[in-house]
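Asks: Residue numbers (numbering that gives the first Met the number 0), protein chains in the order written: chain A, 0 to 336; chain B, 0 to 336; chain C, 0 to 336; chain D, 0 to 336.
Calculated directly from the structure, the hints in this document are not laboratory data. Honestly, I wouldn't trust all of these hints.
Said to hold, decoys possible - Pairs of lysine-lysine residues, derived as DSSO-like cross-links and limited to a Cα-Cα distance of at most 27 Å, are as follows:
1) K66(D) to K5(A)
2) K317(A) to K60(C)
3) K327(C) to K60(B)
4) K314(B) to K317(A)
5) K326(C) to K258(A)
6) K5(B) to K317(A)
7) K326(A) to K60(C)
8) K60(D) to K60(C)
9) K93(B) to K5(D)
10) K66(A) to K317(D)
11) K301(A) to K60(B)
12) K327(B) to K327(D)
13) K92(D) to K314(C)
14) K93(A) to K317(C)
15) K317(B) to K327(D)
16) K301(D) to K5(C)
17) K326(B) to K92(D)
18) K5(A) to K5(B)
19) K314(B) to K60(D)
20) K314(D) to K317(B)
21) K60(B) to K93(C)
22) K327(B) to K317(B)
23) K327(D) to K92(B)
24) K93(B) to K327(B)
25) K60(D) to K5(A)
26) K5(B) to K258(C)
27) K258(B) to K327(D)
28) K69(B) to K60(C)
29) K301(D) to K92(B)
30) K93(B) to K301(D)
31) K69(A) to K5(D)
32) K326(C) to K326(A)
33) K117(A) to K175(A)
34) K5(B) to K69(C)
35) K198(D) to K314(C)
36) K175(D) to K258(B)
37) K317(B) to K5(A)
38) K327(B) to K301(D)
39) K258(A) to K60(C)
40) K92(A) to K326(C)
There are 4 protein chains.
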Amino acid sequence: MIVVLKPGIRRDEIQRVVERIESFGLRAHLSEGEERTIIGAIGDERLLADQTLESFPGVEKVLPILKPYKLVSREFQPSNTVIQVNGRRIGDKKIHVMAGPCSVESQEQVLGAAIPVKEAGATFLRGGAYKPRTSPYSFQGLGPEGLDHLAHAREVTGLPIITEVLDPRDLDVVCKYTDVLQIGARNMQNFKLLTDVGKLDKPVMLKRGLSATIQEFLLSAEYIATEGNRRIILCERGIRTYETETRNTLDLSAVPVLKQLTHLPVFVDPSHGTGRWDLVAPMALAAVAAGADGLLIEVHPKPEVALSDGPQSLKPPKFAALMEQLKKLAVALGREV
Amino acid sequence: MIVVLKPGIRRDEIQRVVERIESFGLRAHLSEGEERTIIGAIGDERLLADQTLESFPGVEKVLPILKPYKLVSREFQPSNTVIQVNGRRIGDKKIHVMAGPCSVESQEQVLGAAIPVKEAGATFLRGGAYKPRTSPYSFQGLGPEGLDHLAHAREVTGLPIITEVLDPRDLDVVCKYTDVLQIGARNMQNFKLLTDVGKLDKPVMLKRGLSATIQEFLLSAEYIATEGNRRIILCERGIRTYETETRNTLDLSAVPVLKQLTHLPVFVDPSHGTGRWDLVAPMALAAVAAGADGLLIEVHPKPEVALSDGPQSLKPPKFAALMEQLKKLAVALGREV
Amino acid sequence: MIVVLKPGIRRDEIQRVVERIESFGLRAHLSEGEERTIIGAIGDERLLADQTLESFPGVEKVLPILKPYKLVSREFQPSNTVIQVNGRRIGDKKIHVMAGPCSVESQEQVLGAAIPVKEAGATFLRGGAYKPRTSPYSFQGLGPEGLDHLAHAREVTGLPIITEVLDPRDLDVVCKYTDVLQIGARNMQNFKLLTDVGKLDKPVMLKRGLSATIQEFLLSAEYIATEGNRRIILCERGIRTYETETRNTLDLSAVPVLKQLTHLPVFVDPSHGTGRWDLVAPMALAAVAAGADGLLIEVHPKPEVALSDGPQSLKPPKFAALMEQLKKLAVALGREV
Amino acid sequence: MIVVLKPGIRRDEIQRVVERIESFGLRAHLSEGEERTIIGAIGDERLLADQTLESFPGVEKVLPILKPYKLVSREFQPSNTVIQVNGRRIGDKKIHVMAGPCSVESQEQVLGAAIPVKEAGATFLRGGAYKPRTSPYSFQGLGPEGLDHLAHAREVTGLPIITEVLDPRDLDVVCKYTDVLQIGARNMQNFKLLTDVGKLDKPVMLKRGLSATIQEFLLSAEYIATEGNRRIILCERGIRTYETETRNTLDLSAVPVLKQLTHLPVFVDPSHGTGRWDLVAPMALAAVAAGADGLLIEVHPKPEVALSDGPQSLKPPKFAALMEQLKKLAVALGREV
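Could you build all of it, start to finish, from the sequences and the hints given here?
Replies: Spelled out as structure tokens, the structure:
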């Protein structure tokens with residue numbers, strides 16, 4: 000950590016900063032430049048991460064040198080994490096496509112999505128039983144009944160399921176049903192939920208918050224990892240910007256950035272990322288070209304009557320056509336779908 | 000709601016949209032322009048709010064006419080909501096200042112802030128016992144012990160307290176201690192927590208999410224209100240933008256916008272809104288000039304050794320000086336502090 | 000255009016809005032809903048585009064129905080515009096790669112980039128003689144001497160050149176040398192320059208502004224088109240967001256959105272879009288997968304000593320490797336590089 | 000400047016970075032930490048500002064220590080710049096209000112704004128003769144005829160005028176008429192225009208770009224200052240964010256930040272900053288409370304028929320009422336209007 004001092008700082012003020020750094024077991028190295036004096040704090044600067052050093056009189060700014068996360072970093076573990084779920088290997092050569100409806104609405108509807116996505120080559124079934132909705136007047140999900148429908152679809156298709164959990168109090172029931180837990184964008188900084196999920200022996204997909212930086216995203220993954228659960232999948236799903244043609248701005252450059260910074264698998268959700276079904280196919284292809292390890296795609300047998308996210312859901316035939324394109328693309332990139 | 004149709008839409012496609020609108024009990028009014036045909040959906044369009052109409056073939060876009068929230072809207076209740084807490088009236092002529100440390104660290108520290116802020120004219124004591132922290136390696140709050148310290152400071156100073164709750168499972172214990180519940184920015188869309196808080200008989204301050212639109216902010220308040228709890232205080236605390244000189248960009252225009260749209264009291268938190276103690280005073284003054292009903296300000300006896308948010312905390316003498324300026328300003332504006 | 004009226008608007012106020020609409024030759028169609036009365040303005044609403052209707056007493060908001068641009072829209076011209084430059088067809092099946100240094104620094108440097116990019120398969124040489132630099136202390140470009148170096152490199156390699164123009168007063172000299180004019184992101188709303196360029200018989204690449212919406216981007220293209228010049232190439236080059244891992248956030252979903260809205264060719268600049276050479280290859284691949292008609296890539300023989308944008312420039316061998324990947328990818332997508 | 004090296008960097012790679020730093024006349028100071036080695040570049044780091052050091056193999060990142068601008072910085076000149084225009088002192092105790100129509104439309108209209116704003120206490124008349132408009136179909140300004148109308152209004156009222164210049168080729172004619180030149184937000188990085196204006200002996204108001212950082216804003220001012228013209232007024236006018244209730248997000252915290260960083264006067268434009276006349280008064284008051292040296296406010300005798308920006312223009316009586324409030328507020332803050 001580098002502490003930049005203001006011009007004209009007094010000796011005793013410098014001394015107090017030095018003492019503060021040393022009180023955490025780091026060494027303080029003073030260096031006088033022509034316009035500024037700086038202090039290098041040498042040692043484990045994560046101990047100083049809360050940056051109250053900026054509150055000291057005479058301190059202009061504090062510049063961190065190290066990344067604030069550790070367990071999830073590529074430096075800590077250079078090789079890719081591969082997560083095994085029911086014989087499927089996530090984070091390896093094969094690109095996994097998790098598809099299904101936004102909300103579980105009925106057994107018929109789930110099967111109406113699950114069967115064709117299985118046939119088209121999806122390897123997981125997605126579907127929400129507990130739904131975080133912006134408005135209290137919107138459909139809030141079927142709850143446990145929805146989980147039942149998902150389990151039934153798993154029996155019929157053999158597809159493992161991924162579903163979202165919103166409330167720590169629902170973790171037990173959701174874990175009984177699901178193969179992969181999903182933490183949604185709005186809960187990326189629900190630290191209690193992250194901590195609880197970290198204590199489980201269940202793979203977790205963590206979605207990037209609507210306005211989370213990549214560093215905050217990795218720190219949220221670190222919350223899970225520090226509790227013991229290292230089977231974490233990251234998912235880019237669009238960030239909030241000023242552009243209104245799309246629901247969110249899908250930040251595909253986050254994919255190669257994350258692949259450099261962390262050993263965890265990185266997925267992309269082009270359905271939420273764009274909010275428009277007609278953009279899902281090009282952005283799914285782009286995500287794979289950018290290096291994504293998998294995709295999360297909303298498929299609904301009848302998007303016009305969906306209880307949520309109809310405008311961004313593909314119909315099964317469109318999804319099947321996309322899967323064909325993805326297969327060709329993957330081969331050209333030395334991967335497979 | 001206005002449904003704009005694509006040029007070349009077929010008659011049967013129009014018919015299906017019309018039927019869908021009518022199936023919700025609204026009337027569909029067709030209007031042919033020179034370049035586009037549109038359908039006006041007449042009736043309670045909130046029933047169509049999920050906008051799956053955009054999924055119908057031939058639909059170009061859907062434009063809402065009405066606001067999606069109701070109970071919290073100024074149309075629903077034209078007069079200001081005034082919330083009474085221990086004899087204090089929030090949302091009335093008097094501007095309330097809630098001050099205290101970001102995190103409760105010790106009894107001594109809380110008193111070291113509470114006593115001088117009381118003397119300077121603050122009318123509530125703020126302090127966090129449960130802390131949402133970006134990094135798992137940061138101080139996470141003292142929990143119940145912190146609540147004890149706050150209660151002790153209330154006894155000493157007579158100031159009612161406001162403190163944050165993160166987890167629905169902590170609601171019971173927090174409610175036993177606090178006078179006002181705080182829902183932080185990261186939990187603005189923790190809909191389970193909002194729903195639970197909506198069932199309580201306790202005033203709630205709801206902080207705007209880091210990248211929440213004003214409409215989403217009001218919909219989150221609506222979550223609380225629909226459950227029965229109408230004693231809601233809104234708090235603008237800065238939004239995320241590209242600017243890095245400040246921790247967030249304090250959106251003060253949200254104050255007059257909210258005062259138009261809702262009858263609820265509107266507060267501003269210039270400490271989180273800027274992240275820098277040296278900007279707290281000018282932005283506190285600006286917030287009051289913009290029409291805020293109150294302020295939330297971080298005060299710490301020794302910001303240099305604070306366990307969180309030191310750089311944005313005022314020392315008691317600076318806070319006292321600010322209160323003097325606020326008093327003069329309030330008079331010029333026909334209000335009081 | 001739909002004009003939404005406030006509840007309680009008086010009859011005479013409505014009448015004034017109606018008269019205003021009719022004064023522009025449009026018809027006003029009144030429709031009373033349960034909570035709001037609206038007026039539909041039927042006719043060429045672009046005549047009302049300045050939206051002063053929002054200033055009338057009793058008007059709540061104005062919702063446009065039509066797009067504000069015309070000549071560049073896909074509705075106006077359904078088939079793709081193909082731009083011919085020295086026998087190359089831009090906007091057709093072949094994906095064009097324009098590569099070269101950010102700034103022209105010397106004849107040796109330009110050739111050191113031009114020769115290898117030609118060999119690797121680039122079809123245009125890029126390079127800046129006039130440079131828009133954030134700081135007045137940065138290298139501002141060689142000016143006319145730089146144009147000479149580009150012309151020399153064109154003679155040697157046969158590659159047509161593209162170079163930026165900043166000032167209308169430089170248009171004559173730049174046009175003498177260049178095959179394609181470039182208008183940079185900072186000049187996307189330099190309307191005088193757009194108008195002047197619109198009068199020329201020279202293809203133009205228009206880059207998206209740092210925080211331009213897609214609609215504003217197309218309106219800037221419309222400025223050029225209304226003057227007569229329809230040979231316009233659009234280029235997405237990253238937008239400004241809160242994320243700091245990358246210099247900008249490359250908005251690849253803009254590619255399929257633009258391909259729907261306009262008939263003009265759409266390019267992507269992954270060098271400026273990310274600001275990091277190590278992200279150029281994945282984002283170039285992703286851009287092509289998203290449907291881009293071409294790429295603009297910075298290549299420098301010695302990025303470490305570049306006078307601008309070194310950190311985002313590829314060395315020739317990396318560029319050649321990327322071209323090999325692009326060729327395979329293009330085939331999988333039914334296109335060619 | 001601090002250069003952070005990657006773990007595992009080779010000795011010869013370090014040596015090349017050191018040599019590069021020394022080649023610019025700075026000293027390189029190596030410091031080995033536990034996880035990272037860093038190099039401190041000691042001397043005038045502005046010589047290294049283009050940061051091509053990031054292109055060197057083994058370099059992880061480069062952290063600047065100093066501000067990249069100089070002449071406009073508070074460090075360079077600790078005392079406030081006061082700009083005298085026709086006996087008025089801008090940047091001193093008195094807060095100046097520049098008011099008038101967005102666009103000059105006719106002599107009658109200009110006078111219809113100029114006379115009442117003068118009476119209400121405005122000290123400058125604003126009005127645009129050359130207008131930067133997003134759409135080519137919008138009113139583009141009267142040009143020289145508009146300048147004539149402004150000059151006539153100056154004769155009638157005695158108010159000095161401020162008007163925008165878009166094109167360097169118009170500088171001569173605009174300078175003949177205006178007392179203060181305005182460079183609009185879209186031209187904040189039109190570096191040729193900045194350079195030309197920097198050579199003139201005429202005060203300039205520079206408006207912040209739609210998505211300009213404060214640092215970029217100051218670097219644009221530095222462009223003007225390096226050419227010799229130091230009579231620069233800065234104007235915050237709202238930045239682009241995701242929020243749609245307002246046209247822009249007025250960043251009032253920029254006011255105290257700028258007052259710290261620079262000695263130049265800082266104005267605020269609440270009309271463009273919000274885009275809504277009903278928010279102009281609260282945000283004007285807030286701007287002054289935040290420490291602004293002046294305001295730029297749009298006033299139009301008949302906003303409903305304005306050719307531009309009607310929705311954000313005040314009618315003269317509302318403006319007069321605002322001026323009364325401002326006068327009281329200024330007194331409470333120890334200033335005057």
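Asks: Run the distance test for K327(B) versus K327(D): straight-line Cα separation, threshold 27 Å.
Replies: 10 Å, holds
Asks: Check whether the Cα positions of K117(A) and K175(A) lie no farther apart than 27 Å.
Replies: 22 Å, holds
Asks: Just to be careful, I want the Cα atoms of K69(A) and K5(D) compared with a cutoff of 27 Å; is the pair within it?
Replies: 16 Å, holds
Asks: Do the alpha carbons of K198(D) and K314(C) lie within 27 Å of each other, as the hint requires?
Replies: Distance of about 40 Å is beyond 27 Å: violated.
Asks: Could you grab the alpha-carbon distance between K326(B) and K92(D) and see if it respects the 27 Å cut-off?
Replies: Measuring from Cα to Cα gives roughly 21 Å; hence the hint holds.
Asks: Would you check the hint for K327(D) and K92(B), treating anything up to 27 Å between C-alpha atoms as holding?
Replies: Holds. K327(D) to K92(B) sits at ~18 Å (cutoff 27 Å).
Asks: For K317(B) and K327(D), compute the direct alpha-carbon distance and say whether it is at most 27 Å.
Replies: 24 Å, holds
Asks: Check whether the Cα positions of K5(B) and K258(C) lie no farther apart than 27 Å.
Replies: Holds. K5(B) to K258(C) sits at ~17 Å (cutoff 27 Å).
Asks: Do the alpha carbons of K327(B) and K301(D) lie within 27 Å of each other, as the hint requires?
Replies: Violated, at roughly 36 Å.
Asks: Please verify whether K314(D) and K317(B) have alpha carbons no more than 27 Å apart.
Replies: 40 Å, violated
Asks: Does K314(B) pair with K317(A) here, judged by a C-alpha cut-off of 27 Å?
Replies: Not satisfied, since the Cα-Cα distance of roughly 61 Å exceeds 27 Å.
Asks: Take a quick look at whether K327(C) and K60(B) sit within 27 Å of each other, Cα to Cα.
Replies: The hint is violated at about 38 Å.
Violated hints, listed in ascending order, are 2, 3, 4, 7, 8, 9, 10, 13, 18, 19, 20, 21, 29, 30, 35, 36, 38, 39; each of the other numbered hints is respected by the structure.
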